[in-house]
Amino acid sequence: MRKLENSELDRKSIEDFKKSEKTPLILVLDDIRSLHNIGSVFRTADAFLIEKIILCGITATPPNKEIHKTALGATDTVAWEHHENVLEVIENLKTENVRTLAIEQVESAIFLQDFTVEENQKYALIFGNEVYGVAQEAVAICDGCIEIPQLGTKHSLNIAVSAGIVVWDLFQKLNWPK
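Count along the sequence shown starting at 1, add 9, and that's the number in the working numbering.
Simulated from the structure, these hints should not be mistaken for laboratory data.
Incorrect hints may have been included.
What the hints assert, rightly or not - Computed spacing ranges between beta-carbons, pair by pair:
| hint | residue 1 | residue 2 | range |
| --- | --- | --- | --- |
| 1 | Phe-120 | Ser-16 | 17 to 25 Å |
| 2 | Phe-120 | Ala-88 | 45 to 53 Å |
| 3 | Tyr-141 | Glu-90 | 39 to 47 Å |
| 4 | Trp-185 | Thr-104 | 38 to 46 Å |
| 5 | Asp-123 | Glu-97 | 26 to 34 Å |
| 6 | Arg-11 | Pro-158 | 18 to 26 Å |
| 7 | Gly-82 | Asp-152 | 38 to 46 Å |
| 8 | Glu-75 | Pro-158 | 14 to 22 Å |
| 9 | Gln-145 | Ala-88 | 34 to 42 Å |
Claimed, not checked - Straight line, CA to CA, 25 Å or less: simulated BS3-like cross-link-like pairs of lysine-lysine:
| hint | residue 1 | residue 2 |
| --- | --- | --- |
| 10 | Lys-61 | Lys-74 |
| 11 | Lys-21 | Lys-131 |
| 12 | Lys-131 | Lys-187 |
| 13 | Lys-163 | Lys-61 |
| 14 | Lys-31 | Lys-131 |
| 15 | Lys-61 | Lys-78 |
| 16 | Lys-163 | Lys-131 |
| 17 | Lys-182 | Lys-61 |
| 18 | Lys-103 | Lys-74 |
| 19 | Lys-21 | Lys-103 |
| 20 | Lys-12 | Lys-61 |
| 21 | Lys-31 | Lys-182 |
| 22 | Lys-163 | Lys-28 |
| 23 | Lys-31 | Lys-187 |
| 24 | Lys-187 | Lys-163 |
| 25 | Lys-78 | Lys-131 |
| 26 | Lys-182 | Lys-28 |
| 27 | Lys-131 | Lys-74 |
| 28 | Lys-74 | Lys-163 |
| 29 | Lys-103 | Lys-182 |
Just so you know, even glycine gets a beta-carbon here, dropped at the ideal spot from N, CA and C.
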């Protein structure tokens, strides 16, 4: 086995990325404190051609040196916008027939492995603050909640890790249904 060179990876140009058909996922980041987490989510969004990221509340926005450090240019490819109020964002997405899903541990959450995607449905995944998670008010108005099963003592994942897990799972369900 030989490791591939960067020149062999068939990377898209920024222009090609912007023209590409996007995965029908919107990532909503609410009150994320870590600039590295924000940059990591941008990089994941780039990898899976995510439609856009909506940054809410205190979540920092590009251009930012610390976000750029982990995003590695993904802030130039992935569409993003900032809004102060996550509740207004969720309500607006719902009026656009986007299914809103909090990624959180709540009563009646659907475990990620049991979640089925619907054909021709766009989803918004809401990720919350590193300490407090998705705000209860936001959970209450979402269409549903997805929980990542965890078996250890912490039952807590870094937001960038959670985003990577959920985005990959939904991406593969949308692109390679069984």
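Status of the hints after comparison with the structure:
no.: 1; hint: Phe-120 <-> Ser-16: 17 to 25 Å; verdict: violated, 41 Å
no.: 2; hint: Phe-120 <-> Ala-88: 45 to 53 Å; verdict: violated, 30 Å
no.: 3; hint: Tyr-141 <-> Glu-90: 39 to 47 Å; verdict: violated, 23 Å
no.: 4; hint: Trp-185 <-> Thr-104: 38 to 46 Å; verdict: violated, 31 Å
no.: 5; hint: Asp-123 <-> Glu-97: 26 to 34 Å; verdict: holds, 30 Å
no.: 6; hint: Arg-11 <-> Pro-158: 18 to 26 Å; verdict: violated, 36 Å
no.: 7; hint: Gly-82 <-> Asp-152: 38 to 46 Å; verdict: violated, 33 Å
no.: 8; hint: Glu-75 <-> Pro-158: 14 to 22 Å; verdict: violated, 32 Å
no.: 9; hint: Gln-145 <-> Ala-88: 34 to 42 Å; verdict: violated, 29 Å
no.: 10; hint: Lys-61 <-> Lys-74; verdict: holds, 20 Å
no.: 11; hint: Lys-21 <-> Lys-131; verdict: holds, 24 Å
no.: 12; hint: Lys-131 <-> Lys-187; verdict: holds, 19 Å
no.: 13; hint: Lys-163 <-> Lys-61; verdict: violated, 30 Å
no.: 14; hint: Lys-31 <-> Lys-131; verdict: holds, 11 Å
no.: 15; hint: Lys-61 <-> Lys-78; verdict: holds, 20 Å
no.: 16; hint: Lys-163 <-> Lys-131; verdict: violated, 31 Å
no.: 17; hint: Lys-182 <-> Lys-61; verdict: holds, 19 Å
no.: 18; hint: Lys-103 <-> Lys-74; verdict: violated, 33 Å
no.: 19; hint: Lys-21 <-> Lys-103; verdict: violated, 32 Å
no.: 20; hint: Lys-12 <-> Lys-61; verdict: violated, 31 Å
no.: 21; hint: Lys-31 <-> Lys-182; verdict: holds, 15 Å
no.: 22; hint: Lys-163 <-> Lys-28; verdict: violated, 41 Å
no.: 23; hint: Lys-31 <-> Lys-187; verdict: holds, 21 Å
no.: 24; hint: Lys-187 <-> Lys-163; verdict: violated, 32 Å
no.: 25; hint: Lys-78 <-> Lys-131; verdict: violated, 30 Å
no.: 26; hint: Lys-182 <-> Lys-28; verdict: holds, 23 Å
no.: 27; hint: Lys-131 <-> Lys-74; verdict: violated, 31 Å
no.: 28; hint: Lys-74 <-> Lys-163; verdict: violated, 31 Å
no.: 29; hint: Lys-103 <-> Lys-182; verdict: holds, 22 Å
Hint compliance for this structure: hints 1, 2, 3, 4, 6, 7, 8, 9, 13, 16, 18, 19, 20, 22, 24, 25, 27, 28 are broken, all remaining hints hold.
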